[in-house]
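Here the protein sequences come in this chain order: A and B.
Residues 4 to 415 (our numbering) make up the first sequence, in order.
Residues 6 to 418 (our numbering) make up the second sequence, in order.
Hints in this document: simulated from the structure, not taken from any laboratory.
Just to be clear, a hint being listed does not mean it is correct.
As the list claims (entries may be wrong) - Covered stretches of chain B, as calculated for chain A (at least 3 residues, CB under 8 Å): (1) 96-110; (2) 185-193.
Claimed, not checked - Listing some non-contacts, in silico: residues in chain A with all C-beta distances to chain B over 10 Å: (3) Tyr75; (4) Leu128; (5) Ala215; (6) Ala230; (7) Ala411.
To be verified - Distance condition first, Cα-Cα at most 27 Å in a straight line; then the derived DSS-like pairs of lysine-lysine: (8) B/Lys68 - B/Lys371; (9) B/Lys378 - A/Lys92; (10) A/Lys92 - B/Lys371.
Positions of the beta carbon are idealized from the N, C-alpha and C atoms, including for glycine.
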Amino acid sequence: MIWPIALLLGEFGLRGALAASGSGYSAEDVRATLTRLREQNREFVPRPNSDLPWNPAESERAERVVQPYLGYDIVGGLQLLEDQIRSFKDAPGQRSFRIAIFGGSVAQIFADEGVPRLEQLLRELPRFHGVQIHWLSFGRGGFRQPQLQAFLAYLFALGVAPDVVINLDGFNEVALGKQNASLGSHPSFPSVPHWAQLLARGADRPQVIALAASIRDDQTALDEFAAWALDRGVERSALVGTLAVRRANSLRARCLAGFDRYTEALRSGQARRALIGPALPADFEDPIGASVAIWAAASRNMRALCEARNILYFHVLQPTLHDPGAKPIHADEERDGAIDADWLAGVRAGYPLMREAGAKLAADGETFFDASRIFEHVTEPLYYDNCHLNERGNQLLAEAFGAQLVEALDRR
Amino acid sequence: MSTPPTSTTTAPPSAGRRFFERWLFWPLSLLLLALAVELGHRAQRIVTGRPYLDARAAERVAKLAEENVKIEFARPSTKGAPPGSDSELLPHPYAAFLSRAHVRTLEQAVAAMRDATRTELDVVIVGGVGAQMFAGASRERLIETLPTLPGWQGRKVAFWSFADTYVKEPQQLELVLYLTALGAVPDLVIDVSGRNELLVGSANALADMHPAYPARAQWQPLVFGGATDRASLDLLVTAWRNQREIAAVAARAKAGWIHCSLWAGDAIDRIEHLALERSLVLTSYQRRSEAAQRELVLRGPSPPITPSQRIATSANIWFQSTRDLAALCSAHGIRFVVALEPFEEPHHAAKKGSESNGEKPGSGRKVLMQAAKRLTELDAIWIDAAELAEEKQTPRELAAALVDEIVRRLAAN
Chain A
4 MIWPIALLLG
14 EFGLRGALAA
24 SGSGYSAEDV
34 RATLTRLREQ
44 NREFVPRPNS
54 DLPWNPAESE
64 RAERVVQPYL
74 GYDIVGGLQL
84 LEDQIRSFKD
94 APGQRSFRIA
104 IFGGSVAQIF
114 ADEGVPRLEQ
124 LLRELPRFHG
134 VQIHWLSFGR
144 GGFRQPQLQA
154 FLAYLFALGV
164 APDVVINLDG
174 FNEVALGKQN
184 ASLGSHPSFP
194 SVPHWAQLLA
204 RGADRPQVIA
214 LAASIRDDQT
224 ALDEFAAWAL
234 DRGVERSALV
244 GTLAVRRANS
254 LRARCLAGFD
264 RYTEALRSGQ
274 ARRALIGPAL
284 PADFEDPIGA
294 SVAIWAAASR
304 NMRALCEARN
314 ILYFHVLQPT
324 LHDPGAKPIH
334 ADEERDGAID
344 ADWLAGVRAG
354 YPLMREAGAK
364 LAADGETFFD
374 ASRIFEHVTE
384 PLYYDNCHLN
394 ERGNQLLAEA
404 FGAQLVEALD
414 RR
Chain B
6 MSTPPTSTTT
16 APPSAGRRFF
26 ERWLFWPLSL
36 LLLALAVELG
46 HRAQRIVTGR
56 PYLDARAAER
66 VAKLAEENVK
76 IEFARPSTKG
86 APPGSDSELL
96 PHPYAAFLSR
106 AHVRTLEQAV
116 AAMRDATRTE
126 LDVVIVGGVG
136 AQMFAGASRE
146 RLIETLPTLP
156 GWQGRKVAFW
166 SFADTYVKEP
176 QQLELVLYLT
186 ALGAVPDLVI
196 DVSGRNELLV
206 GSANALADMH
216 PAYPARAQWQ
226 PLVFGGATDR
236 ASLDLLVTAW
246 RNQREIAAVA
256 ARAKAGWIHC
266 SLWAGDAIDR
276 IEHLALERSL
286 VLTSYQRRSE
296 AAQRELVLRG
306 PSPPITPSQR
316 IATSANIWFQ
326 STRDLAALCS
336 AHGIRFVVAL
346 EPFEEPHHAA
356 KKGSESNGEK
366 PGSGRKVLMQ
376 AAKRLTELDA
386 IWIDAAELAE
396 EKQTPRELAA
406 ALVDEIVRRL
416 AAN
């Protein structure tokens, strides 16, 4: 008899304490948290914090694979490229204008959410009357210089030469460049968490498989536990619901820690030489400065390749949330914008350097647009995590550089 | 007449008897039973002509364990090149692969070329087999003649050769892009190419790979085992667990369980079953991995199909990447020369009779020459090394003639 009474007291006591602390207990929130933790953990490589449900087909398209000139690509990207090559020639009597967008995931999302607004602005130019505009999206999660220049050269080799190249970059260069250096890899090499997993001689070593096995055990444990908890509706009890979320969080933390160990194991042994890239020369000791130098040099290279083919090269330094002074941070952005310490250090030290280097690129004749301050007076939430813009943010970004793009096209 | 009720009660067993039953009788009975079963099993094995011998069972378990625990999942990295050797190919994110020696060269070249105090004339040599021969045979003559050119007088020549047997465009372009992005800007880039672009590119297409992708034989071993998607990892993990279980069974045998014929027979069956199961799992993994590569990683975009398409695509890749290399060098103030190397057609695969590629002798070179002539319109210096080769007997003579022609053309431009 004593146990049911104790449990009831615990249940109501906890609800009372939570209500008194101002947070209150919400069964819906607990259910949503358990579902989110389960969904985030379905893939072997842990997904970042996101409320988007896991989609097996999408997950397959997002699978990363080795690519000889880009380090890696995603399955969906390779399929998309195949379609883009196939549809590159105009049908008889058709007049098309092709605009390619390069960059990381921000550019990838911009191609979906910012392009409609950009096209509206371009349509105001008489030259686009009756002309079909084809948008080619070459943005990929984690891509950064010198991957973008390598991508452009590869596309040219395949005969894919658009009329305009828009390069929307900046964040990955400094955030992932700094992270690479912290993980012992050269800032010019692809992002370690994206690339290390794919090195053939790393993944199938027995000691690495042992780590993978342990991660899969934790992932299965979390999946089964969350399914069990959700099936039984544990969120109806504040006591059990809170304990269930705590347990799920702990399993998630174990998966993340396991994946860190897995990445670390891949960085050692035979794959190490292929992973770390060249040794850092003495003047590259500052990895953020090195990342910015590579960013600028690779942009010059892209411009040279484009100009030799009479292609307009348009370079945009993307805005980012944690660049001090870039935007008044909204409470929602504060909540959802947690950022890795290396990324933050990269952004804080790298953005001022990129603005300076960008001004030099512009002075040397590059069509460069510094978008890093376009939201400095915008208070509404525009970021849904630490770097990605929502639809409104993408529209504002399109409007911000659209006018200069129109002007640059008008001059040609 | 009635009889008085009687009760039949037995006296409780004594403490000594209880102890005997609990601690001696039953354990001894079980032991004797196990012994009887063991002896019975051994007798049955003798009768059926398969006598059980401890030593033989131990040997069998040890052999099975050795066969199945020593298996490595990782495949060799490069055909023929021992791990750690200079010629071992390592995956490179932008140039597809670099030999271990060239990884070192790259590191040294970047450090040297970024040193503003140096006065050396930095010469980078890129390309495939022709470039490799040229780099070996032309060194002295280049050292002798390049510093005679206006603007380069008196400068010591520093060589940075990245030429490798199977390298082809766009690998050269990607490498020079990478060097310049790192701030390493040479004075001269010599590209000796054409052969691999056409022949290896066509061979790729015949093997259902895009000609723009790296040479199949070199690329395939580097990406094998790269199937790290969740389902493939699950297969690897299953195989790995299976291997651990075999090791555990072998360890128990070593601990003395081998003397039990019943357990040992079962252990052998179990190991054989696990080995079979794992072999099936690894085959699935391998097939999955190869299928993934064939479709995506290994193949690249859809390759051209007909012989003329294969030649045209391969030649166009050479032309597009070479013109980009020329433009890149021009933007950095780097002098650039491309030499179209001599080679014979049809390629080696057809010669060996393994498969005819359907190409007419000389057709590829003709297309490549047409493409090269377009380089002239773009102000790039190109040399037909095949023309020079006609009168030369040895690689050294050809290299010397090519150096003289390079120097003559550089002086004239």
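Evaluated hints:
Only when three residues or more bring their CB closer than 8 Å to a CB of chain A does the claim for the stretch 96-110 of chain B stand; here the count is 9, and the claim holds. Three residues within the 8 Å Cβ limit are the bar, and the stretch 185-193 of chain B against chain A gives 4, so the coverage statement holds. With a closest Cβ-Cβ approach of about 8 Å to chain B, A/Tyr75 is found to fall inside the 10 Å limit, against its non-interface label. No Cβ of chain B approaches the Cβ of A/Leu128 within 10 Å, the least distance being about 28 Å, so the stated non-interface status holds.
A/Ala215, annotated as away from the interface, has a beta carbon of chain B within 10 Å; the closest lies near 5 Å. Its beta-carbon lying about 17 Å from the closest one in chain B, A/Ala230 satisfies the requirement of being farther than 10 Å from that chain. With a cut of 10 Å on Cβ distances, A/Ala411 stays outside the contact zone with chain B, its closest approach being about 19 Å. Restraint check: the Cα-Cα separation between B/Lys68 and B/Lys371 comes to about 61 Å, which exceeds 27 Å; the hinted pair is violated.
For the suggested pair B/Lys378 and A/Lys92, the alpha carbons sit about 24 Å apart, so the restraint of at most 27 Å is met. Between the alpha carbons of A/Lys92 and B/Lys371 the distance comes to roughly 25 Å, so the proposed pair stays at or under 27 Å and holds.
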